[in-house]
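**Student:** Listed in order, the protein sequences are those of chains A and B.
If you read the first sequence in the working numbering, its first letter stands for residue 121, the second for the next number, and so on.
If you read the second sequence in the working numbering, its first letter stands for residue 351, the second for the next number, and so on.
For the record, the hints were derived by calculation from the structure and aren't laboratory data.
Be careful, since some hints might not be right.
One-sided excerpt, in silico: chain A residues whose CB lies under 10 Å from chain B [as the list claims (entries may be wrong)]:
1. R122
2. N123
3. L200
4. G201
5. E204
6. R361
7. R362
Covered stretches of chain B (in silico footprint by chain A; criterion: 3 or more residues with CB under 8 Å from a CB of chain A, positions within the stretch not fixed) [stated by the list, open to error]:
8. 433-442
9. 448-454
Predicted model only: the values in this text are computed from it and were never measured.
For glycine and all other residues, C-beta sits at the position ideal for the given N, C-alpha and C.
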Amino acid sequence: MRNFLAICRRELAATFLSPVAYVTMLVFLALSGLIFWYAVVTGVGTGEPLPTMLFGGVVFCVTILVTVVSMRLFAEEIRLGSLEALMTAPVTESQVVAGKYAGAFLFLLLTVTLPVGFPFILRAMSPGVASLDYGALLGGYLITVLFAAFALATGLLISLLTRNQIVAAIACFCVVWLALLLGNVAAMAAPGPAEVARYLSAVDHVLAFSRGSVDTRPIALYLSGTAFMLFAAVRVLEALRR
Amino acid sequence: MIEATHLTKRYGRILALDNVTFRVQRGEIVGFLGPNGAGKTTTMRIISTYLPATGGTVRVCGVDVLDDPLAVRRHIGYMPENVPLYPEMRVREYLRYRGTLKGLRGRRLRARVEEAMAACDLGDVRRRVIGRLSKGYAQRVGLADALLHEPDVLIMDEPTLGLDPNQQRRVRDLIRSLARRHTVLLSSHILSEVEQTCERVLIIDKGRVVASDTPQRLVSFLRGEPHVRMEIQGPADAVVEKVMALPHVRNVACETKGGWQHLTCRCARGADVRPALFALAAAEQWTVRELRLEQSNLEDVFAELTSEQGGEGVASPDAAGREAAA
Ligand SMILES: Nc1ncnc2c1ncn2[C@@H]1O[C@H](COP(=O)(O)OP(=O)(O)O)[C@@H](O)[C@H]1O
Ligand SMILES: [Mg+2]
Numbered sequence: 121m122r123n124f125l126a127i128c129r130r131e132l133a134a135t136f137l138s139p140v141a142y143v144t145m146l147v148f149l150a151l152s153g154l155i156f157w158y159a160v161v162t163g164v165g166t167g168e169p170l171p172t173m174l175f176g177g178v179v180f181c182v183t184i185l186v187t188v189v190s191m192r193l194f195a196e197e198i199r200l201g202s203l204e205a206l207m208t209a210p211v212t213e214s215q216v217v218a219g220k221y222a223g224a225f226l227f228l229l230l231t232v233t234l235p236v237g238f239p240f241i242l243r244a245m246s247p248g249v250a251s252l253d254y255g256a257l258l259g260g261y262l263i264t265v266l267f268a269a270f271a272l273a274t275g276l277l278i279s280l281l282t283r284n285q286i287v288a289a290i291a292c293f294c295v296v297w298l299a300l301l302l303g304n305v306a307a308m309a310a311p312g313p314a315e316v317a318r319y320l321s322a323v324d325h326v327l328a329f330s331r332g333s334v335d336t337r338p339i340a341l342y343l344s345g346t347a348f349m350l351f352a353a354v355r356v357l358e359a360l361r362r
Numbered sequence: 351m352i353e354a355t356h357l358t359k360r361y362g363r364i365l366a367l368d369n370v371t372f373r374v375q376r377g378e379i380v381g382f383l384g385p386n387g388a389g390k391t392t393t394m395r396i397i398s399t400y401l402p403a404t405g406g407t408v409r410v411c412g413v414d415v416l417d418d419p420l421a422v423r424r425h426i427g428y429m430p431e432n433v434p435l436y437p438e439m440r441v442r443e444y445l446r447y448r449g450t451l452k453g454l455r456g457r458r459l460r461a462r463v464e465e466a467m468a469a470c471d472l473g474d475v476r477r478r479v480i481g482r483l484s485k486g487y488a489q490r491v492g493l494a495d496a497l498l499h500e501p502d503v504l505i506m507d508e509p510t511l512g513l514d515p516n517q518q519r520r521v522r523d524l525i526r527s528l529a530r531r532h533t534v535l536l537s538s539h540i541l542s543e544v545e546q547t548c549e550r551v552l553i554i555d556k557g558r559v560v561a562s563d564t565p566q567r568l569v570s571f572l573r574g575e576p577h578v579r580m581e582i583q584g585p586a587d588a589v590v591e592k593v594m595a596l597p598h599v600r601n602v603a604c605e606t607k608g609g610w611q612h613l614t615c616r617c618a619r620g621a622d623v624r625p626a627l628f629a630l631a632a633a634e635q636w637t638v639r640e641l642r643l644e645q646s647n648l649e650d651v652f653a654e655l656t657s658e659q660g661g662e663g664v665a666s667p668d669a670a671g672r673e674a675a676a
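So here's chain B without its partners, still in its complex pose:
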């Protein structure tokens, strides 16, 4: 549904996006996760045809955003960051106006406005002036607007920004309930939020996509199951079996390259199995040429993503890993 290839965006001297490539399949619900200033909003604005990219292409439902922006806009329901609305209008009046702009007419317009208001639980504020709504309601008006023309693709920029935890949960539930009928791309700078809503996460930092995986795998990976890399010479089967038998070792992957076994051991959090590995190799008289704990290059990003949840532990310093794609 969304194919972004080699996207680059410069604002004058600032390089906001640097060769970003990703795809979102039909029906997927994908979270775009990154600290503030990572380039989430920029990417979403490019997809929704608000900004042109400096380089690279984006196709939505097979249509290039530069070739036919109006067609792309018909496929997209976009909810901008901070949900800008007209404060002097009433909720239903606003939705009718937006529906008209999106090509809905007459009976269908009225029906869709009612449906979108029902979906977003706006029934009791339909006649209220938008400027006097609470933030949670305003957010849902923005969401109803995005849903109006039943777009194939929903793009939401930080849909829970500025809400209290209760409202956040309601908006998240709402988004999850939409996922079946729409392809959803949403952004967030809070890890736990994406973890609860999305099937797949793209982590973006300083304009680059640094990881893409299911939230469960990313989180378990990032929450510090240390990885120990080891290169060793010995009978492959015996090596794997004996290493697995060591305490705290959860999982061993073994690959033979040029007579050396390259092991990747996933270990329990907080455990350092290197001394035990060395002792084992010495006892079995295997030759070791490398033994190291790997540092995650995602760790800094992760620290920023988790620090705003208020006190929940940041990945332990010796959390280890390679690429999130592992």
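So that you can see chain A by itself, here it is in the shape it has in the complex:
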């Protein structure tokens, strides 16, 4: 447990010590703010709830965020050779994977939480805006965080497979977009099993949750997906040293 905490803390510190973190955070906020603003301006009168406008945009920005955060996780250690120092200290593979994941996730969580303030700012600026459904806001936030958690685990696994951060970033970006839109693409290609495919569509989940219709199946999907990716990462880390 102490090893886990130590690794998590170092990961968090490493993130905040690099300017990349702040730049990413700013870009993320600016981009998701812009998308939200655009959605509000064009969506006036359509009856679309604010949380949907917010998280529909945020979830796309999350793909960039996750890519930037996860690409250096292991790729950097492998490139520096510090993985050798790390894995010859008395720590287990699971502690290393869990610690690094937790450190990166905390940063992600903080960053994804900030845009939740946008609707409140909007309301403060223009009191005429329709009332805010807190349940829907919470639902949208929950599913966005879950998706981010899953995407981060995927990115972590990918960064274990290469020492090149750029390769890790590109691969991660592609895979996360696939996860985001796979369901929609599959539903378009084969309308028959569309129901099953919809079950995989992250965009649909986010839109549904942020309208207030919370479903346990996507929650289970992302939780188990995250667990699977992390488990695979532990195995890859073991197999890496051969």
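Following the hints, complete the assembly by docking chain B with the ligands onto the known chain A.
**Tutor:** Quick look at chain B with the ligands alone, frame taken from chain A:
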């Protein structure tokens, strides 16, 4: 402390280690010497549980590295080749992090970090960012890290790689000062370095241990005191006495096998005593059935080890010898 038996390591098709067997006793300071690509790093990674061996076993303090890698890691302070560190961290912060991973807590952690920094002369850079340290300081941070948890065994892969001669000397002095409390295994591809630091040397080449001896004996042996082997029939005492009396002969070992005296003569460097030996045998009417100068099978390894010291003479071509264990 370290027992490696029949170690074999394959990377795909490459055979990096071929049946390597050696032991390091408690308190010893042993140098692992070999040209680049000999398999030093591979061996050290196996001992420090970073890599599994393809065959054979390693025990550290009686624990098999595959059975209980975490226990082995607690006994070992390992300094990898090129000393990888986190560039964004500060020296003391890094050492505290590493100490925590190695199971140190609270007051003891802080005390050990201070002690290790003092031992490695890092006091004035404790707050500096590692990425901006000179190579010599970075190397010492790696060494302080290896020392943190007071391991029984210190394993250092090319600890002076990339340092200037001054820094090299400081690191060597540091390592020598550690030798009393720890068992040390260090690797190097420079003969003179191992000669100055270690009590015993294992020479490894192409994945095999080719020699193991004290550096003084290996060096004098390798620096070309020619060996002449001779098989002769005559009275043993008289043979030894008269051969010893020849100019340039330093030492004679004599063994009687089946009525023949097998002589091994160690001679002064650059001298060829074969004509004198033959003349002696002819004068004394001893029968000679063999007389040859022996070539060292270590010579090629040695040439590579010395060529990187910059111009210091390589063993003369007729330097002779058998096994280094002689
Ligand atoms: N990860 C690896 N994959 C494939 N071959 C390797 C790997 N590491 C080392 N080797 C090969 O194994 C041999 C021994 O290498 P190494 O142990 O690094 O030697 P040294 O440290 O003595 O220079 C070399 O031929 C090297 O090319
Ligand atoms: Mg090496």
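**Student:** Each hint needs a verdict: does it hold in this structure or not?
**Tutor:** Cross-check of the supplied hints:
| no. | hint | result |
| --- | --- | --- |
| 1 | R122 | holds (6 Å) |
| 2 | N123 | holds (6 Å) |
| 3 | L200 | holds (5 Å) |
| 4 | G201 | holds (4 Å) |
| 5 | E204 | holds (5 Å) |
| 6 | R361 | holds (5 Å) |
| 7 | R362 | holds (7 Å) |
| 8 | 433-442 | holds (count 6) |
| 9 | 448-454 | holds (count 5) |
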